[in-house]
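Novice: As a plain string of letters, each chain reads:
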Amino acid sequence: MRDVLMIGGKEVTSRLFLGTGKFSSHRLIPEVIRACGSQVVTVALRRIDPEYEEENIVSYVPGECILMPNTSGARNAEEAVRIARVARAAGCGNWVKIEVIADNRYLLPDNYETVRATEILAAEGFVVLPYMSPDLITAKKLVEAGAAAVMPLGSPIGSNRGLRTRELIRILIEEIPLPIIVDAGIGRPSEAAEAMEMGAAAVLVNTAIATAGDPVAMGRAFGLAVEAGRLAYLAGPGKTHEYARASSPLTGFLRD
Amino acid sequence: MSFYEVCQRYGKFDFDSFFKQVTDADIKRIIAKSRLSETDYLALLSPGAEKHLEEMAQKAHRLTVQNFGRVIFLFTPMYLANYCVNQCVYCGFNIHNKLERKKLTLAEVKREAKIIADTGLKHILILTGESRRESPVSYLRECVEVLIKYFTSISIEVYPLEEKEYNELISVGVDGFTMFQEVYNEEAYAQFHPGGPKRNYRFRLEAPERACRAGMRTVNVGALLGLHQWRTEAFLTGLHAHYLQNTFPDVEISVSPPRMRPQLGGFPPKVEVSNKNLVQYILAFRLFMPRGGVTISTREPSELRDRLVRLGATKMSAGSSTAVGGHSAGCTQTGQFEISDTRSVMEMANMLYVQDYQPVYKDWQTL
Chain C
1 MRDVLMIGGK EVTSRLFLGT GKFSSHRLIP EVIRACGSQV VTVALRRIDP
51 EYEEENIVSY VPGECILMPN TSGARNAEEA VRIARVARAA GCGNWVKIEV
101 IADNRYLLPD NYETVRATEI LAAEGFVVLP YMSPDLITAK KLVEAGAAAV
151 MPLGSPIGSN RGLRTRELIR ILIEEIPLPI IVDAGIGRPS EAAEAMEMGA
201 AAVLVNTAIA TAGDPVAMGR AFGLAVEAGR LAYLAGPGKT HEYARASSPL
251 TGFLRD
Chain W
1 MSFYEVCQRY GKFDFDSFFK QVTDADIKRI IAKSRLSETD YLALLSPGAE
51 KHLEEMAQKA HRLTVQNFGR VIFLFTPMYL ANYCVNQCVY CGFNIHNKLE
101 RKKLTLAEVK REAKIIADTG LKHILILTGE SRRESPVSYL RECVEVLIKY
151 FTSISIEVYP LEEKEYNELI SVGVDGFTMF QEVYNEEAYA QFHPGGPKRN
201 YRFRLEAPER ACRAGMRTVN VGALLGLHQW RTEAFLTGLH AHYLQNTFPD
251 VEISVSPPRM RPQLGGFPPK VEVSNKNLVQ YILAFRLFMP RGGVTISTRE
301 PSELRDRLVR LGATKMSAGS STAVGGHSAG CTQTGQFEIS DTRSVMEMAN
351 MLYVQDYQPV YKDWQTL
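Taken in sequence, the protein lines are chains C and W.
Residue 99 in this note's numbering sits at position 99 of the first sequence, and the numbers go up by one each step.
Residue 194 in this note's numbering sits at position 194 of the second sequence, and the numbers go up by one each step.
If you're looking for bench data, these hints aren't it; they were derived computationally from the structure.
Glycine included, C-beta positions come from ideal geometry on N, C-alpha and C.
Watch out, some of these pointers could steer you wrong.
Said to hold, decoys possible - Cβ-Cβ distance ranges computed for the label pairs, FRET-style:
#	chain 1	residue 1	chain 2	residue 2	range
1	W	TYR4	C	TYR106	26 to 34 Å
2	W	ASP356	C	SER190	23 to 31 Å
3	W	ASP356	C	LYS10	51 to 59 Å
4	C	THR13	W	SER302	58 to 66 Å
5	W	VAL271	C	GLY63	36 to 44 Å
Could you put the whole structure together from the sequences, leaning on the hints where they help?
Specialist: Below you can see the structure in the form of structure tokens.
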């Protein structure tokens, strides 16, 4: 059976979503996409410049990818909504990653404003993927608001600190009937694999790839790790035990 | 509590004694910390920290790439008017200086805008001298209404305004604000500003707070280096940025470390600030505020600016002119000061590409 991820009526086979804000050259973006196989690419509307083709970041995203503009810079729901509308009017499609951040030290999202923005944009026909601090109640509200997926952070954006919110993400995976996409904080391929083994539907990575010594090679490593983690999840990992399990148990004779 | 009260806490502080007590072990411990206190930042500005610049640079570079990526944001200044009623002793626009005073007409603003927009830049910083009669808020507003057709981000560097005036400019499209306090030491400030409304130290010091309250997205502060002891001025600038970030967490805060340049009037720097000093300041600030922006202007020579790309800088001006109408061909106006790095936007972009950095021409979208 084909293992595909359905979001907003579209089918994707790669479960690695790619962020684009920190690459040393726009020209690296298509190379990294080729290496990692990503089919969903997020770009901040604030960086999109249709009037300057050569420096327009969108020009470097291959046409077959799903472009997911994000609302970076939005400080409240109203700004996020306006950014999303501008992006759609500029021809960037109807997918949008909601980012509402009113804290410039940790870049932690404002869950309340994120729910509000999701509600408005989903009602307008957008495919809304909200970035959020992992919280079960907020996630349930996002479901009600019409989100297409829920994107909890693993740790603060750009921190490369890995899955610090592991337990909370585990609860979302168990309880929320939408794809859970771990966004932000994943610093190493092994952490991406771990998120996938837990049952995350996908991961979104930018800093760890863009700021690596060799972004193309790191992109490939992440692509492989996400695939391995997904395969492991589907294969059903064996249970873990606190103590060793003897292959010749002491009470085996009692079974006779 | 306003930043004025924060500044007052350091009014009697004995900086020299503090610096003498800083040890190598202190500096190493501070560099290893993930979150620095105010006094940690001050210690990194001490003479004793100069021996540790390479370790500071390595960490500053790593933090900058982690937080901002391998990118440098580009912008250029546009001088709208040079009428000024102040007597700042170090400034070419000083009311007593003999230079042709000029204010751009809206047609001239449009002409300048077209020339700048053709370079690909989408972020403009507009400046004036201080003259509420010649460059009133209504004039600034009219200029912004012209510029908004060409740029997606407009910042102002003008005389201090009231909060409702900032509100008015934001309502027509201004999103960024720059204000150099020039000198944080209040006594020294009085010496360098003998006349005009700029004598009001506190009104200027609290302008960034008013701008943040009014809803500016980006706020940039700085001291003019060369007027007073650079270590304490750098410290108070960093403290100002820190105060603003804590008080207004949704505003993007940055600092500029401008060094004095030759200007009409010929006022020489009172204190020397070497390249090494400047680098120490930028590195210490980066370690203190890993997410704070650092803006480097064309006051600095090209060779140094090229190096600062990897030492914590996040934003740079390019293709600059400090004269009113200076972007238009054939302009022979006297500028506010002499710039040092005269490279065009394209030349700056090429330099960044060579260094494996992406120039960013657009980083905000007018909503």
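Novice: The structure should be examined with respect to each hint, and the outcome stated for every one.
Specialist: Tested hints:
no., hint, in the structure
1, W:TYR4 / C:TYR106: 26 to 34 Å, "holds (28 Å)"
2, W:ASP356 / C:SER190: 23 to 31 Å, "holds (27 Å)"
3, W:ASP356 / C:LYS10: 51 to 59 Å, "violated (34 Å)"
4, C:THR13 / W:SER302: 58 to 66 Å, "violated (48 Å)"
5, W:VAL271 / C:GLY63: 36 to 44 Å, "violated (57 Å)"
Of the numbered hints stated above, those contradicted by the structure are hints 3, 4 and 5, listed in ascending order.
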